[in-house]
Each structure stands twice: as C-alpha cells, then as structure tokens.
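**Q** Given chain A's structure and the hints, the job is docking chain B onto it.
Just so you know, the sequences run in chain order A and B. Going from the first sequence to my numbering is simple: count from 1 and add 208. Going from the second sequence to my numbering is simple: count from 1 and add 732.
Since the hints were derived computationally from the structure, they do not count as laboratory data. Incorrect hints may appear among the rest.
Just a few of them, taken from the derived set where beta-carbon distance is under 7 Å, the chain B residues facing chain A [claimed, not checked]:
hint, residue
1, 753
2, 789
3, 800
Just so you know, even glycine gets a beta-carbon here, dropped at the ideal spot from N, CA and C.
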Amino acid sequence: MGGETGPAGSDGARARGDDASDRAGDAVAIDRRTAGNSSDGERDSVGDESDRPRVTFDREGIRTGFYTTVPVALGVGGYGIAFGVLANQAGLSVAEAALMSATVLAGASQIVAVELWADPIPVAAIVVTVFAINLRYSLMGAALQPWFRHLSPKEIYGSLFFMADENWALTMRDLTAGNGRGAFLLGSGIAIWVFWVAATIVGALAGGIVGDPTRYGFDFILAAVFVALAAELWEGRSSLAPWVVALGVSVVAAELVPGRWYILLGGLAAAVVEVIRYGE
Amino acid sequence: MASEPPLQWSMLALEPLVVGVVLAMALVTYLTKIGGIWLVRHVELSERLEAGLSVLPGAIVVAVLAPELAAGGPAEWGAAGVVLLVMWRTESILLALVAGVAGVVLFRTLL
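Next up, chain A with everything else stripped away, as it sits in the complex:
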C-alpha cells in the first residue's frame, strides 16, 4: 500500500516504524480504492489516525465471526451431510471421513476426492487434484493481505487453516466494511469447521438414508453467499472492467479447462488487466 496513502508524512512515519500511523495510512489506501478515485481531497482530510479503524485480533472478532457465520454454516452442514454420505459410499469409515473434514476443510475438493476414491487408492491423482481444486485459496488469501498485514504470522497462518469459500466471503464483507476485525476469519472458520465436521459424521452414519441435497436447495447456498457478496463488493464504474474480464474468462475457462481452474484464471485475468490499466 505504498505512496498512494496520500499525506506525505505517512511514508516518513512508516520509516520510523510508527505502527499506528502505518495502519491509518493503509486504511485510507484501502478506502480510496473502494471509493474509486473520485474524492481525493475528502479522503485526505480523513487521513488522521484517530477516526480510522485499526485491524485488531481479539476475542470480540472471533465471536462476531462465529455468530455471523452460524446461519451460513448451517447450510454448509447440509452439504457436509452429503459429503458424509458420499464418503461412506466410497468405503471410508466414519472416523476417516471425519478426519478428512477436520483436517482438509475444503468441501469441493473433498467431494471430488471421494469420487476418485477406489481400491487401490489412486494417491497421486487424489492429492494433485485436491491441490489443483484448492489453488484458488491462494488468491483468496492474497486478497486478505491489506488487512492481514497488521496481524502476526501466528494469527495469519493459524486463521488461514480455517479459510473456506463461505467464510472467506463473509470475512471480506466484514473487512471491506471497515470493521477492522482481523479475527473474523478465525471465528467464522471455527463455525464452518464445527458444522462441517459434525455434518460429515451425521452423513457418514446415515449412509444412504439421506437423499440428494439439491432437494433442500443446500447446493445453492454457496452461490447465494457469493451473489450477496458481489452486491456488496460492487464499487460502481471502477469495478466494471475487472468484473467483465473475470466473468468472460471464467465462463470460457469453465468450458475449456477441467476442474476449478476457471476461478484462478478469472481472478488472475482481472488482476492482470488492472495492472495494465493502472495509471491510465
């Protein structure tokens, strides 16, 4: 978030390692991007440290993240039941399915993994496919950097274990709103984890009894979370070009490229176009 922070003093302050000023400058930089470049003067005038939220990592953030995510996590639980059923059908024990949900915590890749499951287990195919499906998380994690740069490595790398699509989306929503809750991801991730693991166990126990999750609309929850998030992330005209690029590239890539590469390709293409357009 370099020199775009505006007030000339902020760079000097950073050089002295003045943390509060550093944070305040960042918040302005983030905010200005959010607002487009329409109101520079006004932004500069609110550049004081005092009225800028700091990014903190505390119990309150964990709690807020947890409770905000519970309704969504309930839906994720519906999907977890489906995963448990599939894992059961693939021949995994309840304990093995639960272990997978507790340690991997990435729904789509787990479902694909148990679909690939066979006897003997195609270890390389499964691990490589899981990696490819989840590579999008690198991009999602990188998008957290403007806020997470204020956290310690332990806080960052601990929280990221709990990152899944749904709670990443809710976390971005909270962070872009300027609440400065660095622990939101952890709290929301714990909510997802609890419901995901519990639902996996229920599904694996229930086996074939529970039917198709599409009957209850659970399969639509992820899309619904993302539609809601899109509504909030829309920043007007400055969003138009990157979003059109992401849309076009992801739709075409989904047709042409197997797996979930389209997410990565769509996101990267938009970022590249923005880098090229920068300063024009």
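**A** Showing chain B alone in chain A's frame:
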C-alpha cells in the same frame, strides 16, 4: 471391504494408508491457503501490482459465480435475482440467503 468387521469397529477404523492420503490432502490444501499471502508478504509489491491485487476480491467472487450460474438454469438465475433484490432492499445477508434458498427450491418445483 471383502470381510466386514463388526459395525462399531468399521465405523472407527483408521487405515494407515487412508490416514496418510487424508493428511497429504490436508497438507496440500493448507499450502494453497497460506501460499498466496505468504508470497505477497515476502515479495515487495509495486503500486501497480497492488492495484491488481485490490480487484481480486470482486474478481474472484465473479469468477466463482459466473460459471456456476451459467451452468444453472432459470431456477438458479431467478433465485440469484431474489438474493440481489433482498440484499439491495434489506442489506441483510441472512434474509438474502434464506430468500435465495427458498427461491431456488420454489423455482425448481415450478420451472
């Protein structure tokens, strides 16, 4: 799965190979989760690159959504519209989700 052990045992079974594969999956997944932010934390980024990074949240959301909705049908499109409408009117994500899921179930029955 040739000779089935007693039910309680099979439920709790943890075969070493299965556990190994699961842990390998967990490891590569964790690496994807931390990889991106590790990179941007350890590489000095130009303003230009940071501008690119700043469009990522919206772009990723669109890239997740667009193919999913394109693969869906009128029921999913209608429900997505319901979510947008409720978000716009109430700004409550919970209401929007409930309306969206109810909408998709309803539209799938109707359409």
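**Q** Holds or violated: the hint that residue 789 of chain B contacts chain A, with Cβ atoms closer than 7 Å.
**A** Interface hint status for residue 789 of chain B: holds (5 Å vs cutoff 7 Å).
**Q** Measuring from the C-beta of residue 800 of chain B to each C-beta in chain A, is the shortest one below 7 Å?
**A** holds (5 Å)
**Q** Restraint: residue 753 of chain B near chain A, CB-CB cut 7 Å. Satisfied or not?
**A** Holds: closest Cβ of chain A sits about 6 Å from residue 753 of chain B, inside 7 Å.
In terms of the numbered hints stated before, the structure departs from none.
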